[in-house]
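Top to bottom, those sequences are chains W and D. The working numbering applies: residue 1 is where the first sequence begins, and numbers increase by one. The working numbering applies: residue 1 is where the second sequence begins, and numbers increase by one.
Worth flagging that the hints you see were computed from the coordinates, not collected in a lab. All values reported here derive from a predicted model rather than from experimental measurement. All residues carry an ideal CB built from backbone N, CA and C; glycine is no exception. Among the hints, a few may not be true.
Cβ pair distances, simulated, as ranges [what the hints assert, rightly or not]:
| id | chain 1 | residue 1 | chain 2 | residue 2 | range |
| --- | --- | --- | --- | --- | --- |
| 1 | D | V25 | W | G166 | 26 to 34 angstroms |
| 2 | D | V25 | W | R34 | 37 to 45 angstroms |
| 3 | D | V25 | W | D24 | 14 to 22 angstroms |
Just so you have them, the derived chain D footprint on chain W, three or more residues with Cβ under 8 angstroms [as the list claims (entries may be wrong)]:
| id | segment |
| --- | --- |
| 4 | 52 to 66 |
| 5 | 76 to 87 |
Facing chain D, from chain W, some residues (calculated, C-beta under 8 angstroms) [as the list claims (entries may be wrong)]:
| id | residue |
| --- | --- |
| 6 | L4 |
| 7 | I7 |
| 8 | L43 |
| 9 | E47 |
| 10 | L49 |
| 11 | A99 |
| 12 | E180 |
| 13 | T186 |
| 14 | W189 |
| 15 | Y192 |
| 16 | S193 |
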Amino acid sequence: VIELLAITEAGAAPAPPVVALSSDGVSILCIPARDAEPDADALWRHEELLESLMDAGPLLPVRYGTRVSDEAAAVAAVAGREAALAARLEHVRGAVELALRVRSEEEAAPAIADSGAAYLRARTARSRLADSVHEALAPLARDSRLRVGAEPLRAAYLVAREDVDGFVARVRELQTEHPELTIVCTGPWPPYSFSEAAA
Amino acid sequence: VSALSAEREVALVDLLDRLLGGGVVIAGDITLSVADVDLVHVSLRALISSVGSLEPPPRP
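Bound-form chain D, shown alone (with noise of 0.2 angstroms):
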């Protein structure tokens, strides 16, 4: 991923995307629970702002 992103900071929002709404969704014994997904998303918004007050990338 460094090889074409100017922050990892920039990528970040590109990674939570697709972790959280990529991937093969695997229907079934899943354990992960209620508060664990809470906690996930809770988290998850907390570094989402943080990532909006970066500083927008340079330009070329």
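Next comes chain W alone, as it looks inside the complex (with noise of 0.2 angstroms):
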């Protein structure tokens, strides 16, 4: 049983015990299967081997966990897709993913509102605030990613690599600006939520 881990560009070379897959103009990396228990020391094990391999090249992440009976079945698994796999690899080339999340002190502490109508209005006001911030991002990526959940914004942005800088600069601004917020930004990370085309 073997693991996959990204999808590369044909020729890769990886160091063992990473082997490349030849599939039709892109590369599976895949790694035999390990037991280790998920906790969180594998975890960023499995993150330091992607960020290590993420420097030959432009790589794709494959859902965590995926593993195919043999090598056959890895590249049976991907056939057909290559193309769509190589233009996607091309998305990203050069670039990293930026993780973003916006907090505010009313989310840490328990609402405590006089009326419903009021509870509702500051929950759109934070709402606001967290589309500015992203307004505020969007154009310094290439590409963005929101996800819905409990904070007001919850976001991932795919950043040239000569951008970082400038991009994690106008977070520190955007952080003074709003004192109210608690924002969080972390990476760089591999490109795990632009791998596939927005849905």
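Both chains come to you apart, so use the hints to assemble them.
Written out as structure tokens, the structure reads:
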């Protein structure tokens, strides 16, 4: 049983134990399936492995935990999708993913509103503020994805490596402009959120 | 990742988001059993709740 790690360009030559399988213009990076408990350390080791593979060229992470019986099954699993995957590789070339979450003080503490209408107004104001954060950052990114969640904003940005410093500087400015928000930005990550075309 | 994140524990939320919700979805011969999936989900829920109990990152 092997675990699929990522899709990358043809001709990849990763260091063992990672193996590259060739399939019509793309490489599938695999590793013998690991039986480690999925605790935090195992997840970080997986992340570090992907980050090291990312140094060699653009890659698309495969959904965590994807396993197939053997190498032939791995090649069969991507059969017919090579052209679409190659196009996604071009989309993420030279870029990294930055994660952004916006939390608000009201979210952290139980909301005390004297009426339902006041509660809704406060919630709408937070949501507008979060939207303005996204609108300020989106032009600095090649692509972005918004996730629905409890927070006013949970987003992913695909940012060219040379633009990362500018993006982070803008995040710092936004944090200074909006002390009522807590903006958490992490990365750079492999492009987990940009491996598939937008729905 | 360490270059930008204040705390690895804070970043764990984002890592979980990405590992579970991101990546190329390979349809086909996936042998991750239902039991394994349950195990992963239970463990990750435990991780998420431990992350939630952490202090928020310091304000700049």
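Is the interface hint for Y192(W) satisfied, with its Cβ closer than 8 angstroms to some Cβ of chain D?
-> holds (3 angstroms)
Does the CB of T186(W) sit less than 8 angstroms away from some CB of chain D?
-> holds (4 angstroms)
Go through the hint on S193(W) and say holds or violated, using the shortest Cβ distance to chain D against 8 angstroms.
-> holds (5 angstroms)
Cβ-Cβ distance between V25(D) and G166(W): within 26 to 34 angstroms?
-> holds (32 angstroms)
How about A99(W): closest beta carbon in chain D under 8 angstroms, or not?
-> holds (4 angstroms)
Does the segment 52 to 66 of chain W contain three or more residues whose Cβ lies closer than 8 angstroms to a Cβ of chain D?
-> holds (count 7)
Evaluation of the interface hint that places L4(W) against chain D, nearest CB under 8 angstroms | At 6 angstroms from the nearest chain D Cβ, L4(W) passes the 8 angstroms test, so the hint holds.
Is it true that the C-beta distance of V25(D) to R34(W) lies inside 37 to 45 angstroms, as the hint says?
-> violated (20 angstroms)
With a cut-off of 8 angstroms on the beta carbons, see whether E180(W) makes it to chain D.
-> violated (11 angstroms)
At a threshold of 8 angstroms, is the proposed contact between E47(W) and chain D supported by beta-carbon distances?
-> Interface hint status for E47(W): holds (6 angstroms vs cutoff 8 angstroms).
Has the hinted range 14 to 22 angstroms been met by the Cβ atoms of V25(D) and D24(W)?
-> holds (19 angstroms)
Restraint satisfaction for L43(W) [CB to CB of chain D, less than 8 angstroms] | holds (6 angstroms)
Hint check: violations occur at hints 2, 10 and 12; the rest are consistent with the structure.
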